[in-house]
Amino acid sequence: GAGVSQSPSNKVTEKGKDVELRCDPISGHTALYWYRQSLGQGLEFLIYFQGNSAPDKSGLPSDRFSAERTGGSVSTLTIQRTQQEDSAVYLCASSFPTGRQHFGDGTRLSIL
Amino acid sequence: GIQVEQSPPDLILQEGANSTLRCNFSDSVNNLQWFHQNPWGQLINLFYIPSGTKQNGRLSATTVATERYSLLYISSSQTTDSGVYFCAGNQGGSEKLVFGKGTKLTVNP
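So the protein sequences, as listed, match chains A and B. Counting from 5, one number per residue, gives the positions in the first sequence under this note's numbering. Counting from 43, one number per residue, gives the positions in the second sequence under this note's numbering.
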């Protein structure tokens, strides 16, 4: 597509449930990134993919968070047993290697 | 890891005014970028500027890599320039961008 596409745009779920967030990067971009932005805060790095490999997972806050990328394209971020502190906007970006990052519109996650 | 400081944290302007936003890094960075987050939350990449000066319409940016800072200039500001401006960069060997806390700009008509 023309830009980075994320779905769903909004997700409300109960504490303890699992959620899956999807990112479809710009066609041809081999690098894909997940970030998190809490209310009124800056952006916090979560994980980086180059192709289907994740050489940097250092930002994942706990083992409840995982991500995968298939076919060098779509990525899924999964949060298991959600907690209220997981509430945030989850942003995905893509780029050519070591290049200008382009962001999607994000998924606003609310944990009740 | 690197620290990114942005100043000022808040800025209020009248339409038509000019402004300069600053970004300081605690260590050398690569791939310095400036972003604008509009009031609807969309994050737009304004500049990829590891060094030198670039201009795009009313916006321009300058990065002095040897002194670890970057400046974003906004001329003849418009209400649509309102939002939060972030700078970000990464260190050699790491692909993750480290973001500053942003400068919140409000342009009044």
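Be careful, since some hints might not be right.
Derived contacts from chain A toward chain B, CB cut-off under 10 Å, selection only [said to hold, decoys possible]: (1) Tyr39; (2) Leu50; (3) Gln54; (4) Arg73; (5) Leu95; (6) Ala97; (7) Pro101; (8) Gly103; (9) His106; (10) Phe107; (11) Ser114.
Keeping only pairs whose Cα atoms sit at most 27 Å apart, straight-line, the calculated DSSO-like set for lysine-lysine is [unchecked claim]: (12) B:Lys146 to B:Lys96; (13) B:Lys138 to B:Lys96; (14) B:Lys143 to B:Lys96; (15) A:Lys61 to A:Lys21; (16) A:Lys61 to A:Lys15; (17) A:Lys15 to B:Lys138; (18) B:Lys96 to A:Lys61; (19) A:Lys61 to A:Lys19; (20) B:Lys143 to A:Lys15; (21) B:Lys138 to A:Lys61.
Since the hints were made in silico from the structure, they are not lab data. Idealized CB from N, CA, C, for every residue including glycine.
The hints, checked one at a time:
1. Tyr39: At about 8 Å, which falls below the 10 Å cut-off, the nearest Cβ of chain B leaves the hint on A:Tyr39 intact, so it holds.
2. Leu50: holds, 9 Å
3. Gln54: holds, 7 Å
4. Arg73: violated, 14 Å
5. Leu95: With Cβ-Cβ at 7 Å, under 10 Å, it holds.
6. Ala97: Holds. Min distance 8 Å.
7. Pro101: Holds, about 8 Å.
8. Gly103: Holds, about 7 Å.
9. His106: This hint holds: A:His106 lies near chain B, its Cβ roughly 6 Å from the closest one there, short of 10 Å.
10. Phe107: Holds, because the Cβ-Cβ distance from A:Phe107 to chain B comes to roughly 4 Å (cut-off 10 Å).
11. Ser114: Violated, because the Cβ-Cβ distance from A:Ser114 to chain B comes to roughly 14 Å (cut-off 10 Å).
12. B:Lys146 to B:Lys96: holds, 22 Å
13. B:Lys138 to B:Lys96: holds, 23 Å
14. B:Lys143 to B:Lys96: OK: B:Lys143 and B:Lys96 at ~23 Å, within 27 Å.
15. A:Lys61 to A:Lys21: holds, 23 Å
16. A:Lys61 to A:Lys15: holds, 24 Å
17. A:Lys15 to B:Lys138: holds, 26 Å
18. B:Lys96 to A:Lys61: Not satisfied, since the Cα-Cα distance of roughly 33 Å exceeds 27 Å.
19. A:Lys61 to A:Lys19: Given pair A:Lys61, A:Lys19 holds - Cα atoms ~24 Å apart, limit 27 Å.
20. B:Lys143 to A:Lys15: holds, 25 Å
21. B:Lys138 to A:Lys61: Measuring from Cα to Cα gives roughly 10 Å; hence the hint holds.
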